[in-house]
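Those protein sequence lines, which keep their order, are chains E and Z.
Per the working numbering: the first sequence = residues 23 to 180.
Per the working numbering: the second sequence = residues 11 to 302.
Careful: at least some of the hints might be erroneous.
Reference listing, derived: stretches of chain E covered by chain Z, where coverage requires no fewer than 3 residues with Cβ under 8 Å from a Cβ of chain Z [what the hints assert, rightly or not]: (1) 40–47; (2) 59–69; (3) 113–124.
FYI, nobody ran anything at the bench for these hints, they're computed from the structure.
For clarity, every value in this text was computed on a predicted model and none was experimentally measured.
Idealized CB from N, CA, C, for every residue including glycine.
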Amino acid sequence: MTADRAWVRVNGRDVPLDDVPGAERLLDTLRWRIGLKGTKEGCRTGDCGACTVLIDGRPTLSCLTLAHEAEGAAVVTVEGIDDDPVGRQVVAAFRDAAAVQCGYCTPGFVVALTGLFKERGSETSVSSLLEDLGGNLCRCTGYAAIGRAVARARERLR
Amino acid sequence: MPPVRGSPGMAEFSLVAPRTVDAAIAELRSHAAHEAAVLAGGTDLLFDLDHGRAPPRTVVSLRRLPWRTLDWTDGVLTVGSTLPLRSLELDPDLATRLPALAQAVRAVGGIALRARATLGGNLGRSAPASDLLPALLVLDAEVDLVGPEGNRTVPVDRFLKASRETVLGRAELIRAVRFPEPRPSAYAWQRVRPVNDISQVSVAAAYSPRDRQWRVALGGVPPRTIRVPDAEASLRGARPDAEEVAHGADRMGRHPALVGDRRASDEYRRRLASALFTRAVAAAVAPGGGRP
Chain E
23 MTADRAWVRV
33 NGRDVPLDDV
43 PGAERLLDTL
53 RWRIGLKGTK
63 EGCRTGDCGA
73 CTVLIDGRPT
83 LSCLTLAHEA
93 EGAAVVTVEG
103 IDDDPVGRQV
113 VAAFRDAAAV
123 QCGYCTPGFV
133 VALTGLFKER
143 GSETSVSSLL
153 EDLGGNLCRC
163 TGYAAIGRAV
173 ARARERLR
Chain Z
11 MPPVRGSPGM
21 AEFSLVAPRT
31 VDAAIAELRS
41 HAAHEAAVLA
51 GGTDLLFDLD
61 HGRAPPRTVV
71 SLRRLPWRTL
81 DWTDGVLTVG
91 STLPLRSLEL
101 DPDLATRLPA
111 LAQAVRAVGG
121 IALRARATLG
131 GNLGRSAPAS
141 DLLPALLVLD
151 AEVDLVGPEG
161 NRTVPVDRFL
171 KASRETVLGR
181 AELIRAVRFP
191 EPRPSAYAWQ
201 RVRPVNDISQ
211 VSVAAAYSPR
221 DRQWRVALGG
231 VPPRTIRVPD
241 AEASLRGARP
251 DAEEVAHGAD
261 RMGRHPALVG
271 DRRASDEYRR
281 RLASALFTRA
291 VAAAVAPGGG
301 RP
């Protein structure tokens, strides 16, 4: 890899950006260029959180991020979340709490919650975590179970 | 490889990311004004590009400029224009020194949107219902600009002209926003959903220990977020009494900018403006200086 080639690291793998058009959203690069379909397209306007990925550890909307804007950054999608010790606990908590109905919003919630724990630590209160998950919508309205998953993930990590 | 699909209306444009401020200015100067757009975080711009409200052929990204900064010096906060709002919100001193700004930042989208959105972008796009502009007005934010004619600093009240109109000149960029002093302050809003929604009306209030005057701003009104001098004049001193607050609330509710639209009726907006004023002033003077 030469210094002037643009790339983004996705789940530990370097993906070149040279052939990616400037207007392409990171969401589309992930889903259609490299085939990682775990990241979901919900609204494409930043209102639902289904497309949340970690960029350098921080939960970020991939629908409002041009692929080139993530140049040089480390992106983690839900497919890579199991490689993260915090992410593994979050996934297990969602499973234990049966916090999945249709499942479309689940990757966004799992990735966002993983990022929140990494950013703010596992001592953060459940109510504060839930407030910070306010940008993630569950159209099945399965919030009670998701709330239990958040509490359970926090217990697992403490 | 499967074809890369976007949304049906997705815009085509070329993206350039200059490595220096001079190169960014030169790039912008090389295009007609309406053919180039500046990208900071992109949360507002990309929506407009997709929905045909902004059809530029070139998008100039600021991502390589060294403006993702935050600095406190002697109580003065300077925020680089491309610092993500999420980084600003996670600053440990923000909520105690500039509570209105901390609350306003938290009112913008969700955390994953704030990972992209920036203070510079919010100012440059200057949407009439921006949650940040009322706080910037009452905190007397100053906007540092850099452009072909050199640098200048403009108070935010002068920076804003109308809905999505600012004093930014051709090829001029917002470099940083400065907050001159910590102030007891608060930001209060009303909307249908608490997160990821547009405020129907919002009110920011701040008391300046330096000149012992209140500043009050009203957001979500046409044509732009404004200061409300009559409501400010009702409040005297650091701890206004109930009568002063009631007087100010009455004046707030009579402001002629409170008109009806699809998000709220004029009557509802007037009641909201009064109630939010009362709430913001109460929160600003509460112990701890601004937790609503």
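Okay, the hints, checked on the actual structure:
1. Counting residues of the stretch 40–47 of chain E whose beta-carbon sits less than 8 Å from any beta-carbon of chain Z gives 5, enough to reach three: the coverage restraint holds.
2. As drawn, the stretch 59–69 of chain E meets chain Z at 4 residues by the rule of a beta-carbon pair under 8 Å; at three or more, the given contact holds.
3. For the stretch 113–124 of chain E, the stated coverage by chain Z is not satisfied: 0 residues place a CB nearer than 8 Å to a CB of that chain, which falls below the threshold of 3.
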